[in-house]
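Student: Use these hints to put chain B onto chain A, whose structure you have.
These are the residues of each chain, in order.
Number of protein chains: 2
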Amino acid sequence: MNGAESLVRTLLAGGIDVCFTNPGTSEMHFVAALDAVPGMNCVLCLFEGGVTGAADGYYRMAGKPASTLLHLGPGLANGVANLHNAKKAGSGIVNIVGEHATYHIELDAPLTADIEGIARPVSHWIKTSNLSEEIAGHGAEAIAAAMVPPGQVATLILPGDTAWNEASGPAETPAFATRPKVESARVDSAAQALKGGAKTLILLGGVALQETNLRMAGQVATKTGCALLTEWSNTRLDRGAGRIEVNRIPYVVEKAVDVLKPYDRIVLVGARPPVAFFAYPDKPSILTQDGVEFIELATDGEDIAGVLADLVEATSASKSEPAGVSTPRRPDLPKGALDPSGIAAILGNLLPENAVVVDESVTTGREFFPLTAGAPPHSWLNNRGGSIGYGLPVATGAAIACPGQKVIALEGDGSAMYTVQSLWTMARENLDITILVFSNRSYKILRGELTNVGVQNPGPRAIDMLSLNRPDLDWVAMAKGMGVDGVKVDDCEGLAKAFANGLDHEGPYLIEIEL
Amino acid sequence: MNGAESLVRTLLAGGIDVCFTNPGTSEMHFVAALDAVPGMNCVLCLFEGGVTGAADGYYRMAGKPASTLLHLGPGLANGVANLHNAKKAGSGIVNIVGEHATYHIELDAPLTADIEGIARPVSHWIKTSNLSEEIAGHGAEAIAAAMVPPGQVATLILPGDTAWNEASGPAETPAFATRPKVESARVDSAAQALKGGAKTLILLGGVALQETNLRMAGQVATKTGCALLTEWSNTRLDRGAGRIEVNRIPYVVEKAVDVLKPYDRIVLVGARPPVAFFAYPDKPSILTQDGVEFIELATDGEDIAGVLADLVEATSASKSEPAGVSTPRRPDLPKGALDPSGIAAILGNLLPENAVVVDESVTTGREFFPLTAGAPPHSWLNNRGGSIGYGLPVATGAAIACPGQKVIALEGDGSAMYTVQSLWTMARENLDITILVFSNRSYKILRGELTNVGVQNPGPRAIDMLSLNRPDLDWVAMAKGMGVDGVKVDDCEGLAKAFANGLDHEGPYLIEIEL
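Quick note, the sequences are listed as chains A and B, same order.
Letter by letter, the first sequence follows residues 1 to 515 of our numbering.
Letter by letter, the second sequence follows residues 1001 to 1515 of our numbering.
Just chain A, same shape as in the assembly (with noise of 0.2 Å):
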């Protein structure tokens, strides 16, 4: 056996199962060793950015990580901006990054890159394996560093002569870490602070999100008459009819500060304090009030449920309804025009039992939320990292991960160019997505900015910097390049039908939404 032979049995035994690939000539050994070896589900992408991205969708619905294979530093390079979305997001993944054999390296061939250089700024873990009798240790460390939560990104790299060279066999996985028990001086603080009664919010991140921990953050609720509130942006917020409805932190710096402003102490649960997205000229990067106490309840690698069974208790809370449960309802169908709040209506008028709603809508979806709150119970996964072109990939993996689920992805025109090539791995595996593209042809959340800068009236440098038409994208045109139907709208009724078609549609379709 050699040594790609050896990982890839260490990473079926380690319980990586899939792996997302853009494989180069010194990966051949593992593509072959993938072939060889029965248990892979290899997932073809046709562009690293789609292979990470996907990963990390794969991570936060399956809540193990997938592997990767990228083609030395540059395969690696065009994957970090998805993995720093993925780092952000707390999502497990394991990279396996070819590389040069190890005496070509000083030759300084064309490939040749500072491997761990580009990986550091998005890596918890990265390892050079230089040789094949180490390799599949090696992987067995990177499967458990991914593994310690929330979930870190891990890098292994892997030169040629350390795949081609005879190994020993696999390597058992060490035990993988759990999530450290909160001591109850903090459990104490939290409940000491929650006396402040409406004045106290409970703000929640990470698996504070799961259905049964925001119940118990509801009860919690009901019982002090604290608020609940989670951050703008969340791995995966369970919601729904018949879960909490928890509102998010909004993106705006000053609604942020309205909506933080009646709050004198924060209780964090797997989420931090709030900050703006962006700094600003004579706007405040930190969202809450002065002298606002916070009280870390848990952070995102701690042991969440835990805790809050602690705080129910500590609260005296057990037998209280949680509050905030939300009530099965759907907003009926609108006609005409279209505009958000009608894509909304829609949106909560169609979604089905179990969807998984991958949310980089940008400015078009801001107000998405009410509307969908009382449909059938879903998962919605949000942008970590702030790095667009991070939703077709994301979607990718989610659907990988959940094959009985209808995956809907909500993009903005701008954002879905960046990883346009995912709708191909979409459609050759044949993945159950619904695509809406928000087609405003424009980077429209900059157009705001802009203006927020000073510019009121935009010269034609400007404007074009900012603006994608000249020529306007044919998202149908694009989908149908890649082997996924679609079909383009303009009304309420329009999207209405073509929404309804792709959800009994199965594999992708995808909705290019005039705005």
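No lab work stands behind these hints, which were simulated from the structure alone.
A few of these clues could be false.
Here's a subset of chain A near chain B, in silico, CB distances under 7 Å, partners left out [unchecked claim]:
hint, residue
1, V31
2, L34
3, L46
4, F47
5, V80
6, L107
7, P284
8, S285
9, A314
10, G336
11, A337
12, P340
Values in this document were obtained by computation on a predicted structure and should not be read as measured data.
Cβ coordinates follow ideal geometry from the N, Cα and C atoms, glycine included.
Tutor: Same frame as chain A, but now just chain B:
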């Protein structure tokens, strides 16, 4: 004047008048400054690999750097693969990368990343400007760094408050570094080596491949009987009728070893000792014979024109007619089924004068040289860094640099997908580019490599990872989706007609060649 405007004015004063952009919120003050100050040609790309590759292509043809505008760490990361290629090509680029306001960084907002860490593996020069008063001076330094021969990647990081705070004005660019003269002892050594006649090779790279420099090398070849070759990948090779015909060292290891076997001594002029692109078990990584003597006459950053003139003198070759002048000749148009030699004949028959050929044809294009050698004078550009996805962006930048010249992009279908978004920029700027996509529906080079590693009968997992079928990519539909006209052909007659149409067409035109 704020910091952003002082930087824009510094760039313009330093001769940088093209900016390939993909801006975000943190770059809005820079965008506003580009809007307010006349003189910068701003070219929007919908993915950052398109931005950095375009800057590479621009430098290769214009001989001076373009600037880029990138959105924080992840935006830079998306451009890293083509910066890797640019760095290996010796292309000068001034990257402007937005960053959060200095006081916002410690808050670790979603887009916060280690920008310098991301830049380091692909930059010769990096600086973060923390004061608006400093940014103009740093911009001037960046231009000078990018102009260090043969050309360097300079990355200037611009925090939001540095952009928006007051500055005093633009800075003057320091004098550009000139190419260092080569001491006469190295000329003497080379002249001595050339007494070996046919057993001596001059291996040419960098600006040695420009027309007048090649002529001097040709004179030396006539006089001494030495051979001339270039590396496999060239930044820019001037060739065609009336110019010196030089072959490249083949890509395939065995062929390269055979080609290099006759030579005892190799004189390097802007080139490096030839090594294999990849390592393979039981194949050499060093392509030359043991004991071959290398004489480095000039590195690619030294005064190559001067040292070639000195060598002509030292070998008394100034009266010699240069060897290997290509006679004007055009192959006949072939008929029937398409294969690489048929495609080469069509290229050779129709290639227009002053064409810029951007070659990312991978397996299809390995034999294109002989049949195009007698076409009218043209420039031929290769991928120096080996990271695929260089072709469409480099063609974009070359076309911006050379408005009156036809650019021809030769693309493998696998390669073209990585940065397919560049088609839109070609359409927006109405760039005169004819794109030939060789659609073999596979990573064909890897099918050969899989056989090389001993997999004779690959199973479905391996085949699927190397195939681009299921579904087939429809290049004409994708091009249409981005505003580029195109046609699909499947025989020689069809290609000849489509290529002639493309050359007559003003603006981009895509030909999908089904192989």
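Student: Return the status of the interface hint for L107/A: holds when the least beta-carbon distance to chain B is below 7 Å, violated otherwise.
Tutor: holds (4 Å)
Student: Using 7 Å as the Cβ threshold, decide whether S285/A counts as touching chain B.
Tutor: holds (5 Å)
Student: Minimum Cβ distance from P284/A to chain B below 7 Å?
Tutor: Result: violated, 10 Å to nearest chain B Cβ.
Student: Hint P340/A vs chain B: min CB-CB distance below 7 Å?
Tutor: violated (20 Å)
Student: Against chain B, is L46/A within 7 Å by beta-carbon distance?
Tutor: holds (4 Å)
Student: Does the interface hint hold: is V80/A within less than 7 Å of chain B, judged Cβ to Cβ?
Tutor: holds (4 Å)
Student: Per the CB criterion, is G336/A less than 7 Å away from chain B?
Tutor: violated (28 Å)
Student: Taking the closest Cβ pair, is V31/A under 7 Å from chain B?
Tutor: holds (5 Å)
Student: Hey, does the F47/A contact hint survive, CB to chain B under 7 Å?
Tutor: Since chain B brings a Cβ to about 5 Å from F47/A, closer than 7 Å, the hint holds.
Student: Can we keep the A337/A interface hint, with Cβ of chain B closer than 7 Å?
Tutor: At 25 Å from the nearest chain B Cβ, A337/A fails the 7 Å test, so the hint is violated.
Student: Does L34/A pass the interface hint, meaning its C-beta sits closer than 7 Å to a C-beta of chain B?
Tutor: Result: holds, 6 Å to nearest chain B Cβ.
Student: For the restraint on A314/A, tell me whether the closest CB of chain B is nearer than 7 Å.
Tutor: violated (30 Å)
Of the numbered hints given earlier, the model fails hints 7, 9, 10, 11, 12; all others are met.
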